[in-house]
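Peer 1: Protein chains in written order, with my numbering: chain A, 1 to 172; chain B, 1 to 172.
None of these hints come from the bench; they were simulated from the model.
Some clues are possibly wrong.
Because identical chains share one entry, a pair is satisfied inside a single copy or across any pair of copies.
Unchecked claim - In silico lysine to aspartate or glutamate, EDC-like type, Cα no more than 20 Å apart, as pairs:
| no. | residue 1 | residue 2 |
| --- | --- | --- |
| 1 | 82 | 59 |
| 2 | 85 | 15 |
| 3 | 24 | 167 |
| 4 | 85 | 98 |
2 protein chains.
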Amino acid sequence: MDTLPLASFIRDIPDFPRPGIVFKDITPLLREPAALRQALDEMTARARRLGPELIVGIESRGFLFGAPLADRLGLGFVPVRKPGKLPFRSVRDEYVLEYGNGVLEMHEDALGRHRVLIVDDLLATGGTAACTARLCERLGAEVAGFLFLVELTFLQGRAALGGRPVEALVAF
Amino acid sequence: MDTLPLASFIRDIPDFPRPGIVFKDITPLLREPAALRQALDEMTARARRLGPELIVGIESRGFLFGAPLADRLGLGFVPVRKPGKLPFRSVRDEYVLEYGNGVLEMHEDALGRHRVLIVDDLLATGGTAACTARLCERLGAEVAGFLFLVELTFLQGRAALGGRPVEALVAF
Numbered sequence: 001m002d003t004l005p006l007a008s009f010i011r012d013i014p015d016f017p018r019p020g021i022v023f024k025d026i027t028p029l030l031r032e033p034a035a036l037r038q039a040l041d042e043m044t045a046r047a048r049r050l051g052p053e054l055i056v057g058i059e060s061r062g063f064l065f066g067a068p069l070a071d072r073l074g075l076g077f078v079p080v081r082k083p084g085k086l087p088f089r090s091v092r093d094e095y096v097l098e099y100g101n102g103v104l105e106m107h108e109d110a111l112g113r114h115r116v117l118i119v120d121d122l123l124a125t126g127g128t129a130a131c132t133a134r135l136c137e138r139l140g141a142e143v144a145g146f147l148f149l150v151e152l153t154f155l156q157g158r159a160a161l162g163g164r165p166v167e168a169l170v171a172f
Numbered sequence: 001m002d003t004l005p006l007a008s009f010i011r012d013i014p015d016f017p018r019p020g021i022v023f024k025d026i027t028p029l030l031r032e033p034a035a036l037r038q039a040l041d042e043m044t045a046r047a048r049r050l051g052p053e054l055i056v057g058i059e060s061r062g063f064l065f066g067a068p069l070a071d072r073l074g075l076g077f078v079p080v081r082k083p084g085k086l087p088f089r090s091v092r093d094e095y096v097l098e099y100g101n102g103v104l105e106m107h108e109d110a111l112g113r114h115r116v117l118i119v120d121d122l123l124a125t126g127g128t129a130a131c132t133a134r135l136c137e138r139l140g141a142e143v144a145g146f147l148f149l150v151e152l153t154f155l156q157g158r159a160a161l162g163g164r165p166v167e168a169l170v171a172f
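Bound conformation, chain A alone (with noise of 0.2 Å):
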């Protein structure tokens, strides 16, 4: 089967969500069944590189690849979310916005001492995935590392990222 090239599944839009932002839309990528099926063999190789025992998948785009790769891989999957949507006790960090702070949750017993492998559609800033391993390993989790669909390599966001192992499919 001939290799799609990805990127020209992902759409720009600009001043989105504010002036001066570009933001990259995945839902034509989502939406064909060819670029979608590729993505994800491309991101079920790269992640069985990487030996994780569970998936962790970041509120809500990451569910949308998260949650395929588990399931290629026969592994559980975890889910972090936003603030208040998780209802068992959880444990909570914070990240650094443009104004302010975001907040993400754990359950606090999700984890254990299982290699993990952070999944989200997009690697901006890095803010939301160190987070995110922050959270795991005060689960007692060793982070295996980061896979992304899409890395805006211009924030340089694998320097927040403590030089783990870093995938990303596309790369503007």
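Since chain A is already given, all that's left is putting chain B on it; use the hints.
Peer 2: Positioned in the frame of chain A, the structure of chain B alone reads:
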């Protein structure tokens, strides 16, 4: 392979998100590979019988089942989101909450004359699922049916779904 009692992987959390509500926590099911696989096996079999051409998943727990289902069926995936999350031109509709209204949005170019299956984790009153069906139809699609992991039968959500096919794996 033995059949697991999926209900035993769903945990009751009393008084979440408000006093008097018993929340059905699906994170233990997601976390256990055999339970997640079985849930997706059963959802895939039921989805096939409804003959969808696209999977529509409702933010954000609907993404956890809709995305792997699209992957397994070789179909595209379309997200339905809360207001302000979708970057492109969108259509919106409202549904009734206990206090005030909720809003859901879809990209106006997300569908077409396709048969869609609407997927979410849980059927309660049916408000969000019915709202999603109205959005899909406004965009020209035909709703093949609804698929849920869990149905809270005492809330009679099926009555809100206009006699279309409704599938749920676990009923409480």
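Peer 1: If you check each hint against the structure, which ones fail?
Peer 2: Checked against the structure, no hint fails, so every one of them is satisfied.
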